[in-house]
Structure formats: structure tokens, C-alpha cells
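Chemist: Modelling step: build the complete structure from the supplied sequences, incorporating the hints.
Same order as they appear, the protein sequences are chains A and B. Start counting the first sequence at 1; every next residue gets the next number (our numbering). Start counting the second sequence at 1; every next residue gets the next number (our numbering).
I should point out that these hints are in silico values taken from the structure, not numbers from a laboratory. Predicted model, so just to flag it, every value in this text is computed and none were measured. Don't take every hint at face value.
Claimed, not checked - What follows is a set of in silico ranges between Cβ atoms, one per label pair, in the way DEER data are often shown:
#1 Lys69/A - Ser35/B: 15 to 23 Å
#2 Ser7/B - Asn190/A: 28 to 36 Å
#3 Ile26/A - Gln25/B: 47 to 55 Å
#4 Leu39/B - Ile27/A: 18 to 26 Å
#5 Asn38/B - Gly204/A: 28 to 36 Å
#6 Ser7/B - Asn46/A: 35 to 43 Å
#7 Thr23/B - Arg191/A: 36 to 44 Å
#8 Ala107/A - Asn38/B: 40 to 48 Å
#9 Arg191/A - Leu39/B: 17 to 25 Å
#10 Leu39/B - Glu102/A: 16 to 24 Å
#11 Ser7/B - Asn128/A: 17 to 25 Å
#12 Ser7/B - Glu102/A: 40 to 48 Å
#13 Leu4/B - Phe86/A: 30 to 38 Å
C-beta atoms are modelled at their ideal positions from N, C-alpha and C, and glycine is treated no differently.
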Amino acid sequence: MIFKISLHKKDFEKLSRIKNYFGVGIIKKHGETTLQYSVTSSKDLNIIISHFDKYPLISEKRADYELFKQALNLFKNKEHLSVSGFKKILMIRTSMNLGLPEELKIAFPTIVPVLRPVVLDKDIKDPNWVAGFVSGEGSFIIGIFNRGPNTKPGIQLLFKITQHSRDANLLKILVNYLNCGRYTASLDYNRGEFIVSNLPDMIGKIIPWAFGPSILFRE
Amino acid sequence: MKSLDFSDFKEVAILMGNKEHLTEQGLSRIQIIKSKMNLRRDFD
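Modeler: Next comes the structure, spelled out in C-alpha cells:
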């Protein structure tokens, strides 16, 4: 089992800080331009688990996390060595992330996914969570558009957070919490966006959050 | 490295807050910033 974070190689510094924070895991070259931090031993994964139990995720990734924990417990009890335990892990894996990889689907066509845990508690309790979410998932965009030959170009600042539509509700909660912006479903319906375009809101409400009170991830 | 994009963005927000984007100089400053941020940033 693997806990991993992949980032662009320019963010080596950030991955190192995460590695130092947890005190376990390794960083290695992943793709052409990416690096990956990974933790694999079940002893080291305990450290990751205790972090996320203390600072719970509140997006749908929380459900993936709960499933990961279930599978890790099966591993710890050596249940994965039996056929039924192994199948149980495949059932869990089928409900996680993007589902079972194609080759496993073909090898185990009868696997039924376990029920995905329902993430009920989506209230934002910790401002550090907002700071991390805004600065980590957000995009800062400057739009310049021409308005004809004799007029100065217009400038539009845009702040966007794009997520899978499964987290539409969380983005709507964010509109409330930050008291600005709006939620729009993207055209392909698989994604939703939290968007702020109004300048006073940008200066007064978004920019201070992007600085954030977070210690670890502050740059 | 997103922190650099954020700094650029913040600089433009402040310029706009001071209405400097309405001047020739402010506008060209913003155009330069935009041309070097996000995916256009050189980091090597």
C-alpha cells in the first residue's frame, strides 16, 4: 500500500518539507517533469494515518482515505494472505480513487465494490484547512482583453478552484464560508468551479487566505 | 512555486486597487507580469 504525493520537480523544496514533517518516506523522480514522495511500509503508514485522523479531510477524498485505512488493517492482520482477505482488499480498491486497474478487472471479473463511506461531516472547522485548500487547489489568473482599436485593454483578475463534481457541495460551502465568489458547474458536468472575479473581494477576502495561517505549507 | 504566481497576482491586484492599470505604465507592467506567470514561468 502506498501513500503518495506527486508534484512538479520545481516543487522539490515543498516535498522535502512534507517528508521532514512526517519523518518517513522517500522522494524520487516520477515522470519527465515530476517528483513523487511516497510512504509504503505499514509502520510508516501509521504515521500518515495518525496525521489524517488528527486533521481530517473534508472533501470526498476522505472516503478514499477511510477505505485505505480499512485495507491497511487487513494487511496488518495478514488477512491479505488468504484468498478471501485478498478479495476483500480488491473490493475495497474497486471503490477507491479511479477504481480497479483494467488488468485486475479482467483477472477478477466477479469483484463487487464495497460501499463507499459517506462523508457527512463537511463543515469547515479549521481555518488552516481553508488556507491550504485555497493556496493548494486555487488558480490565479490575469485576463487581458482588447476592447477595440481606440480603447485601452481591460484587465480581469480571476481566482478559481476546480474540483470533481463529487465535491460540488464543498465548493458551495466555501462560497458561504469566504462570503464571496460563486459556484458554477462546468460544461462537462464532471467538474465544478468556485470562481471569484470581483476586485474588492479578491483583495479583501481571497488574497489574505492565500497567505494563510498554515505553517507547514506556507511559502 | 505557485507562491510566485500568487505574488504576481497580488501585485496586479494592488495595482488595480490603486487604479494604476488605467495608466500606460501600469498596463504595460501588468502585461509583462502576465507574460511570465503560471505556465509561462521559467524555472530552470
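Chemist: Each hint: holds or not?
Modeler: A quick look at each hint next to the structure:
1. Lys69/A - Ser35/B: 15 to 23 Å: violated, 46 Å
2. Ser7/B - Asn190/A: 28 to 36 Å: With a Cβ separation near 32 Å, Ser7/B and Asn190/A satisfy 28 to 36 Å, so the hint holds.
3. Ile26/A - Gln25/B: 47 to 55 Å: holds, 49 Å
4. Leu39/B - Ile27/A: 18 to 26 Å: Holds - the Cβ-Cβ distance for Leu39/B and Ile27/A, about 24 Å, lies within 18 to 26 Å.
5. Asn38/B - Gly204/A: 28 to 36 Å: violated, 23 Å
6. Ser7/B - Asn46/A: 35 to 43 Å: Hint holds: Cβ distance 38 Å, inside 35 to 43 Å.
7. Thr23/B - Arg191/A: 36 to 44 Å: holds, 38 Å
8. Ala107/A - Asn38/B: 40 to 48 Å: holds, 42 Å
9. Arg191/A - Leu39/B: 17 to 25 Å: At 19 Å between Cβs, range holds.
10. Leu39/B - Glu102/A: 16 to 24 Å: violated, 31 Å
11. Ser7/B - Asn128/A: 17 to 25 Å: Holds - the Cβ-Cβ distance for Ser7/B and Asn128/A, about 21 Å, lies within 17 to 25 Å.
12. Ser7/B - Glu102/A: 40 to 48 Å: holds, 43 Å
13. Leu4/B - Phe86/A: 30 to 38 Å: violated, 47 Å
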